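Place chains B and C on chain A using the hints.
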Amino acid sequence: MSTTTAAGEILLKPISPEYWRVTFDIPPLNIFGPANIPQLEAIVSSLETDRLVKVVVFDSAIDGFFLTHYDFLAKPEESAKFPLGRTGLQALPDMLVRISRSPVVSIASIRGRATGVGSELALASDMRFASREKALLSQWEVGAGLVPGGGPMARLPRLIGRGRALEVLLTANDINGDLAELYGYVNRSLPDAELDDFVDGIAQRIASFDKDAIAETKRLVNIASLPPDSEIAPEWEAFIKSLGRPAAQDRIKRLMLQGFHQPGDVETHLGDYVGLLGR
Amino acid sequence: MSTTTAAGEILLKPISPEYWRVTFDIPPLNIFGPANIPQLEAIVSSLETDRLVKVVVFDSAIDGFFLTHYDFLAKPEESAKFPLGRTGLQALPDMLVRISRSPVVSIASIRGRATGVGSELALASDMRFASREKALLSQWEVGAGLVPGGGPMARLPRLIGRGRALEVLLTANDINGDLAELYGYVNRSLPDAELDDFVDGIAQRIASFDKDAIAETKRLVNIASLPPDSEIAPEWEAFIKSLGRPAAQDRIKRLMLQGFHQPGDVETHLGDYVGLLGR
Amino acid sequence: MSTTTAAGEILLKPISPEYWRVTFDIPPLNIFGPANIPQLEAIVSSLETDRLVKVVVFDSAIDGFFLTHYDFLAKPEESAKFPLGRTGLQALPDMLVRISRSPVVSIASIRGRATGVGSELALASDMRFASREKALLSQWEVGAGLVPGGGPMARLPRLIGRGRALEVLLTANDINGDLAELYGYVNRSLPDAELDDFVDGIAQRIASFDKDAIAETKRLVNIASLPPDSEIAPEWEAFIKSLGRPAAQDRIKRLMLQGFHQPGDVETHLGDYVGLLGR
Chain A
4 MSTTTAAGEI LLKPISPEYW RVTFDIPPLN IFGPANIPQL EAIVSSLETD
54 RLVKVVVFDS AIDGFFLTHY DFLAKPEESA KFPLGRTGLQ ALPDMLVRIS
104 RSPVVSIASI RGRATGVGSE LALASDMRFA SREKALLSQW EVGAGLVPGG
154 GPMARLPRLI GRGRALEVLL TANDINGDLA ELYGYVNRSL PDAELDDFVD
204 GIAQRIASFD KDAIAETKRL VNIASLPPDS EIAPEWEAFI KSLGRPAAQD
254 RIKRLMLQGF HQPGDVETHL GDYVGLLGR
Chain B
4 MSTTTAAGEI LLKPISPEYW RVTFDIPPLN IFGPANIPQL EAIVSSLETD
54 RLVKVVVFDS AIDGFFLTHY DFLAKPEESA KFPLGRTGLQ ALPDMLVRIS
104 RSPVVSIASI RGRATGVGSE LALASDMRFA SREKALLSQW EVGAGLVPGG
154 GPMARLPRLI GRGRALEVLL TANDINGDLA ELYGYVNRSL PDAELDDFVD
204 GIAQRIASFD KDAIAETKRL VNIASLPPDS EIAPEWEAFI KSLGRPAAQD
254 RIKRLMLQGF HQPGDVETHL GDYVGLLGR
Chain C
4 MSTTTAAGEI LLKPISPEYW RVTFDIPPLN IFGPANIPQL EAIVSSLETD
54 RLVKVVVFDS AIDGFFLTHY DFLAKPEESA KFPLGRTGLQ ALPDMLVRIS
104 RSPVVSIASI RGRATGVGSE LALASDMRFA SREKALLSQW EVGAGLVPGG
154 GPMARLPRLI GRGRALEVLL TANDINGDLA ELYGYVNRSL PDAELDDFVD
204 GIAQRIASFD KDAIAETKRL VNIASLPPDS EIAPEWEAFI KSLGRPAAQD
254 RIKRLMLQGF HQPGDVETHL GDYVGLLGR
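In order, the protein sequence lines correspond to chains A, B and C.
Under this note's numbering, the residues of the first sequence are numbered 4 to 282, in order.
Under this note's numbering, the residues of the second sequence are numbered 4 to 282, in order.
Under this note's numbering, the residues of the third sequence are numbered 4 to 282, in order.
Just chain A, with the same shape it has in the complex (with noise of 0.2 angstroms):
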């Protein structure tokens, strides 16, 4: 089931029929790029049809990185070249949509940084639980002249109110585990030496519990809970908008020339480099 791509790979791992991990190993930074949406959309198919799983847990093979945004380097037609998913939106929407949808139970292990896709794959999933000292999460895209695109309008107010939404869209700044805790971004920050074993036995928990409870349960939730699709769509066509405008083409390229899409400074903490770039 693991696909293996020049651009690393989204690894699917059993831990048993009924719990399933889903790793991200995309070296160096687990960039999340036009490679990487089939392997998604693989593993998003069998989670829906599997008859068995119940739990999918996501997390990282990269040190630093959770996931983190979309790969710049790529060539524009490589990323167009998808058709609609099946819920009519969009390749990457249309996952994470079918990832909120699913019958079974996702969890984001957030170690190291997910911004940008990374943020909007973990506000797709069930529960996000973080490391206290080692997570970062964000959505950089305004600090670049960009929209987001994959959700976090809709999913981010629903989650947290709007005045703590506005500001992590708005200042597009690194939210570390205990401020996402107090804000919700995350259920809950832990000790990073304990997370690990945290999200296993949530994990474990859940897999022990009925397929049909656990699906009709969420289900119901999802009805009072979830965005409708008709949100979801505008962002995606106001991201792709943003990114023919020379305000993002400017910062993009010269956040490049500082390291972007390298090991270094900028990707690390690239909340500092973003508010750095109209000044």
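These are computed hints drawn from the structure, not numbers from a lab.
Accuracy of the hints is not assured; some may be wrong.
To be verified - If you want a taste of the chain A side facing chain B, the calculated C-beta under 8 angstroms gives, among others:
1. V108
2. N190
3. P194
4. D203
5. I205
6. D213
7. D215
8. A216
9. I217
10. V224
Unchecked claim - Under the rule of at most 20 angstroms between Cα atoms (straight-line distance), these lysine to aspartate or glutamate pairs were calculated in the EDC-like manner:
11. A/K214 with B/D253
12. C/K256 with B/D215
13. B/K16 with B/D253
14. B/K256 with A/D215
15. B/K256 with B/D74
16. A/K137 with A/D195
17. C/K16 with C/D199
18. C/K84 with C/E240
19. B/K214 with C/D253
20. C/K214 with A/D253
21. B/K137 with B/D200
22. C/K214 with A/E240
23. C/K244 with B/D215
24. A/K256 with A/E80
25. A/K256 with C/D215
26. B/K244 with A/D215
27. A/K244 with C/D215
What the hints assert, rightly or not - Footprint (simulated), chain C over chain A, 3 or more residues, beta carbon under 8 angstroms:
28. 112 to 124
29. 163 to 177
Note that the structure is predicted; figures quoted are calculated from it, not measured.
Glycine included, each C-beta is placed from N, C-alpha and C at the ideal position.
Chains B and C alone, transformed into the frame defined by chain A:
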């Protein structure tokens, strides 16, 4: 107004014409059964029609239990005999919905376990305050192969956000006072020694205000925050359906063999016990 | 742009073309009166039409008061003379709704009391930061027999959940910096000595970003999070109706005899005083 039955009583004690206390006294565990339905219905009707009462506090006379799960030893025909309530919902969700809509302010003062019906009554109340040391909140149902039936899939995501609501519902675990406060499952948790005076102080304060101003302000909050009944009704249907499935029957039977419905470890540490049923 | 009147002024000070400060300077207590309506209206209109401004910070020049309740000493005809605003709402809720919808990012920097209109303006703003030691937020109205009129029944439950919103509104008590942060009534509370630099840093950061990316991102958050105007309008009607009732007239009269609208204990400890009116 208080009704005594073999199945314990729900005591209605007016502290003043404006401020009532409703105390769950169903020994030995505050398990809510069919005999308690007409007791609570009479109280809810009084809250709706009394011209003076402004605030009601729900609390418990039973050490260790605020109010817990439904009585699974009751004969099914005893539970099925009640007609639909005034809202057109089944008897239990009908009463909970009417507490939320009532012009009277309802406060759950939670000391001990608030599980299942107990959590659902707390969630239907306008405010919840908990003993930091002695409160345990939970929706245990999924752990027993059941779907909760009294509204928590509609109410919890609106109160604490989708992620934390899914954690509470799908891990089916006990939530203590500190975590309940962090999550917003309760308004605040207080040192046990301060809880009673604190809640009494809030109730006395509200009781001193103008009934029309209270009722009109609450009515406008209701418009902004109450789930529609159309989200409440399917929960009860899902609960009944889940109750008939082998997964639930098997788990409840095994819990019974371990001491469910009796004073002791299973009822006191219900979160732990449901976590072991499927392993 | 700043307007000076006998009733104090609301100072508009551009820190830069992209970053404006709006300072409430209505001695001695920052009581908001009819003379301040056209002042604030002019500022809101400027925020809507200026082509450069990206962020505005609301703060206070008055020690101990961010912005407090409406002026009950003003002649009723002075308050009633304003035409409906552009949204079709009454003048005050019209301005608040327009602040929320504006493409400009609004930040309330709360030091001192934010009660009534002050809390409502903070809630209409995009973000709220508070002095941990010196901020007091409240909706005091129910304590005076009134129904709040500027949107808090629509905005507070969406921001902090139904239970905590009902507590704020129905206890009508003062909420300090720590509790406001726990409840999410403000984004964060900061040590008083750090508040100004912190807010300035956020404002400078946002001011350095692309105006289109900011506006489009906020527009999409608005879709997910703003109450419809149809929920705002009834609040003003309920406020006006409550103001005419004997309960409110009597309570306001007694507050006046105790020192309401004058520097001193009643205004400084308003939560305590309304709690004693009905005892």
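List of violated hint numbers, smallest to largest: As far as the earlier hints go, 3, 4, 13, 28 are violated by this structure, in ascending order.
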